[in-house]
Amino acid sequence: MNMMSEAAVEKALDQKMNTVPFKMIGKDVSVYYGEKRALFDVNLNVRENTVTALIGPSGCGKSTFLRTLNRMNDTIDSCRVTGKITLDEGDIYDPSIDVVELRARVGMVFQKPNPFPKSIYENVTYGPKIHGLARTKAELDQIVESSLQKAGLWNEVKDRLHESGTGLSGGQQQRLCIARAVAVSPEVILMDEPCSALDPIATAKVEELIHELRTNYTIVIVTHSMQQAARVSQRTAMFHLGNLVEENDTDKMFTNPDDQRTQDYIMGRFG
Amino acid sequence: MTDMTSSVQSTFVRPAQARRDIGIKKRYAAERRFKAYGLAAILIGLFFLFVLLWTVVSKGYTAFQQTAITLPIEFSEQIIDPKNERGANPAKLMTANYPFLVRDALIKALGIDPANKPLVKQATDMVSASARTQLRDLVVANPAIIGTTANVSLLAEGNIDSANKGQIDLTVAEASRKVKDQQLEWMKKLTETGAMAKQFNTGLFTYGASSRPEAAGIGVAALGSLYMMLIVLVLALPIGVAASIYLEEFAPKNRLTDLIEVNINNLAAVPSIVYGLLGLSIFINFAGMPRSAALVGGLVLTLMTLPTIIIATRAALKAVPPSIRSAALGLGASKMQTIFHHVLPLAMPGVLTGTIIGLAHALGETAPLLLIGMVAFVVDYPGSPMDPSTALPVQIYMWANEAERAFVERTSGAIMILLIFLVVMNLGAILLRRRFERRW
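Residue numbers (our numbering), protein chains in the order written: chain V, 1 to 271; chain E, 1001 to 1440.
Derived by calculation from the structure, the hints in this document are not laboratory data. Cβ coordinates follow ideal geometry from the N, Cα and C atoms, glycine included. Accuracy of the hints is not assured; some may be wrong.
Cross-link-like lysine-lysine pairs, in silico, DSBU-like; alpha carbons within 30 angstroms at most [said to hold, decoys possible]:
hint, chain 1, residue 1, chain 2, residue 2
1, E, K1059, E, K1189
2, E, K1318, V, K118
3, E, K1188, E, K1178
4, E, K1335, V, K150
5, E, K1121, E, K1180
6, V, K112, E, K1318
7, V, K118, E, K1335
8, E, K1253, V, K112
9, E, K1318, V, K129
10, E, K1117, E, K1198
11, E, K1059, E, K1165
12, E, K1165, E, K1178
13, E, K1253, V, K36
14, E, K1335, V, K112
15, V, K112, V, K205
16, E, K1335, V, K84
17, E, K1253, V, K84
18, V, K129, E, K1335
19, E, K1253, E, K1318
Restraint ranges, calculated between C-beta atoms of paired labels, are given here [stated by the list, open to error]:
hint, chain 1, residue 1, chain 2, residue 2, range
20, E, F1205, V, D159, 53 to 63 angstroms
21, V, E48, E, N1265, 49 to 59 angstroms
22, V, L241, E, A1251, 29 to 39 angstroms
23, V, V100, E, L1256, 20 to 30 angstroms
24, V, T255, E, E1031, 54 to 64 angstroms
25, V, L241, E, F1340, 32 to 42 angstroms
26, E, A1251, V, D141, 39 to 49 angstroms
27, E, R1255, V, N155, 52 to 62 angstroms
28, E, M1336, V, N243, 30 to 40 angstroms
29, E, F1205, V, D141, 54 to 64 angstroms
30, E, F1340, V, E212, 27 to 37 angstroms
31, V, L241, E, L1256, 35 to 45 angstroms
32, E, Y1246, V, E212, 43 to 53 angstroms
33, E, V1234, V, L241, 53 to 63 angstroms
Isolated chain V (complex conformation):
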């Protein structure tokens, strides 16, 4: 039953991408670091239960845009964001919005695996604990198991949950970080080049995982690898010099892009 519905969702997503509703809407988003402007009026929408890949050369603003989606840019003193970003119609930069709540709904996985130097179990339970998602030890155990299973890590670590998370291999650490993000039941997961520090085998595992996570979560992923974008995403957005060049279905983007710059970048002519 469950499997069928998942398959059905996937099919629907792949066929009618343009009809999928928007989860997050970015309107005229500009970001300034002090005097320097890093993003120029970006209009980019993120569709529900879709993997959206952000590509573009280094320094083009794709990570900056990603970090505006859960207000991680707030931690940088000189950073200023203008424009409007909504999550399910709610403005996330509204002064009444609690950033803690926002980040519980929009989780993040970073470029370098960054597990806490604590046990695997504590890594996964930290989020649920601070958000009060579990009352008893049994509930926590349940969250740990389901999160690690979603991250495809359960079978590898179930016998050593109380060993340090930093003792895992790089790929396992990154999947632990994904499990940690999943544990707070977010709606959107942001991934900032999640495979750039991993070897090809670990990368393949994480990509497979992203593919599976799509059925339950909306995913935005920044990547430098064209192949990765083509493999994991349904929508792709191309950034260049702080501007959004083009946003399209991934298939179209990699076969017949509308913009010449996209064509050049994908063909490796600049970047």
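With chain V's structure known, arrange chain E on it following the hints.
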């Protein structure tokens, strides 16, 4: 044509090779020289460390032994309480003439004619004047001892102790010598009968200040130091850590915080005597706190230790990788939760190391304590930090000014004890760092 090619080849090959050889030789020579400089510096350092330790230990190890004379003391009622008033007035026991007990015991043990006053005086001079309080305490604690005879181990007088340890030059003429020939003869006799012997000097650790070296110890000073260390720990650690967390994590980076940072670094370099003056004017003259109290000393040392702790804590907080902060913030932890759940625990080894080093520094500090009146002759244990007390390094300073031979060894002995404290604290800091340091 062939000439040209060969000449081109040779000019092309030879200078290049020559250049490379010279460069490599020079580089290796420079490296060897640098290594030699480093080795020399370390050897010089080790040499001076060895000289320091050798001087202190060779002078001071004898301080841990003390000559004692064990005599059968007859607690005669005639001398202690001739009129039998102790039932009605126990204070009588406090003022009894206890030295007479020692005198009588010596006369019996050495076989001296009691009528020969100068000889009797020489004999009684061999026993420390602290025998009076020692016997008094025995009798007051147990009045039933009166009328019996008990073997009591009495401290030998400082010069006799020095003579027994072979520290007095016996080739000097008797008249200008502190220890007379007759006394030396008695010492030989007492040693042969086993009455005089060297024993471990527990008094060095328990007694307070005294003008008699055999009755002087670092106990009172050590308690004063302990009070101050506790005050420093209780005040400087939380204030320092809180200030560092605010400055490092919350404070906006602007001119004011830059100024504060520069000032904190400057304060760490301010001579400690200035802190003493500050404490004198603020805590004693303005706030009216008591002089030579461990409380004031602790406050002054707290001010002095704060910059050290703040600098160490900020460095430790800075060393926590930003990825840990991002991870916690990305999960929706507040800034406060991020710091107290993740950053501070990871910085804790560095914080504790800084604190222990700051404490060790404060423990050895003397100059500011001189100005707040802690260079004092304190005989009794301070009951609270408000009572007059002194500190370990100040006690060393005071003993170093004394003339008696027995104080020389006690000065070095006290330095050894202080050094052991410092080494233990620094070792603790190193072990903490080894044990809890995390690697990323």
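Results of checking the hints against the structure:
Taking the CA atoms of E/K1059 and E/K1189, the gap is near 28 angstroms; set against the 30 angstroms cutoff, the hint holds. Annotation: proposed proximity of E/K1318 to V/K118 holds, straight-line Cα distance about 20 angstroms (limit 30 angstroms). Of the supplied pair hints, the one linking E/K1188 and E/K1178 holds, its CA atoms being roughly 17 angstroms apart against a limit of 30 angstroms. This hinted pair checks out: E/K1335 and V/K150 have alpha carbons roughly 28 angstroms apart, not beyond 30 angstroms.
With a C-alpha separation of about 12 angstroms, the suggested pairing of E/K1121 with E/K1180 holds against the 30 angstroms cut-off. About 19 angstroms separates the Cα atoms of V/K112 and E/K1318, which keeps this hinted pair within 30 angstroms; it holds. Note on V/K118 and E/K1335: the hinted pairing holds, with a Cα-Cα distance of about 19 angstroms set against a maximum of 30 angstroms. Straight-line distance between C-alpha atoms of E/K1253 and V/K112 comes to about 27 angstroms, which keeps the hinted pair within the 30 angstroms bound.
Proposed proximity of E/K1318 and V/K129 is supported: the alpha carbons are some 26 angstroms apart, at most 30 angstroms. Between E/K1117 and E/K1198 the alpha-carbon distance is near 28 angstroms, which keeps this suggested pair within the 30 angstroms criterion. With a C-alpha separation of about 12 angstroms, the suggested pair E/K1059 and E/K1165 falls inside the 30 angstroms cut-off, and the hint holds. Distance check on the hinted pair: E/K1165 and E/K1178 sit about 14 angstroms apart at the alpha-carbon level, within 30 angstroms; holds.
For the given pair, E/K1253 sits about 19 angstroms from V/K36 by alpha-carbon distance, which is consistent with the 30 angstroms threshold. Between E/K1335 and V/K112 the alpha-carbon distance is near 21 angstroms, which keeps this suggested pair within the 30 angstroms criterion. Simply put, V/K112 and V/K205 have alpha-carbon atoms about 16 angstroms apart, close enough for the 30 angstroms limit, and the pair holds. At most 30 angstroms may separate the alpha-carbon atoms for a hinted pair to count; E/K1335 and V/K84 meet this at roughly 24 angstroms.
For the suggested pair E/K1253 and V/K84, the alpha carbons sit about 28 angstroms apart, so the restraint of at most 30 angstroms is met. Proximity of V/K129 to E/K1335 is assessed by CA-CA distance (about 16 angstroms); at most 30 angstroms being required, the pair is judged to hold. For the suggested pair E/K1253 and E/K1318, the alpha carbons sit about 14 angstroms apart, so the restraint of at most 30 angstroms is met. A hinted range of 53 to 63 angstroms for the beta carbons of E/F1205 and V/D159 is consistent with their spacing of about 54 angstroms.
Look at V/E48 against E/N1265: about 54 angstroms separates their beta carbons, and that is inside 49 to 59 angstroms. A C-beta distance of roughly 35 angstroms is found between V/L241 and E/A1251, which places it inside the suggested range of 29 to 39 angstroms. Under the hint 20 to 30 angstroms, the C-beta atoms of V/V100 and E/L1256, about 29 angstroms apart, fit the expected range. For the pair V/T255 and E/E1031, the beta carbons lie near 59 angstroms from each other, so the given range of 54 to 64 angstroms is met.
Taking 32 to 42 angstroms as the suggested C-beta distance range, the pair V/L241 and E/F1340 conforms, at roughly 41 angstroms. For the hinted restraint 39 to 49 angstroms between E/A1251 and V/D141, the CB-CB distance of approximately 41 angstroms keeps it satisfied. A C-beta distance of roughly 56 angstroms is found between E/R1255 and V/N155, which places it inside the suggested range of 52 to 62 angstroms. Evaluation of the 30 to 40 angstroms hint for E/M1336 and V/N243 yields a pass: the beta carbon distance comes to about 38 angstroms.
At roughly 55 angstroms, the beta-carbon separation of E/F1205 and V/D141 lies within the given 54 to 64 angstroms, and the hint holds. For E/F1340 and V/E212, the hinted distance range of 27 to 37 angstroms is satisfied, since their beta carbons lie about 35 angstroms from each other. About 37 angstroms separates the C-beta atoms of V/L241 and E/L1256, a value consistent with the hinted range of 35 to 45 angstroms. Taking the beta carbon of each, E/Y1246 and V/E212 are about 44 angstroms apart, inside 43 to 53 angstroms as hinted.
Under the hint 53 to 63 angstroms, the C-beta atoms of E/V1234 and V/L241, about 57 angstroms apart, fit the expected range.
Violation of the numbered hints given earlier is absent; every hint is satisfied by the structure.
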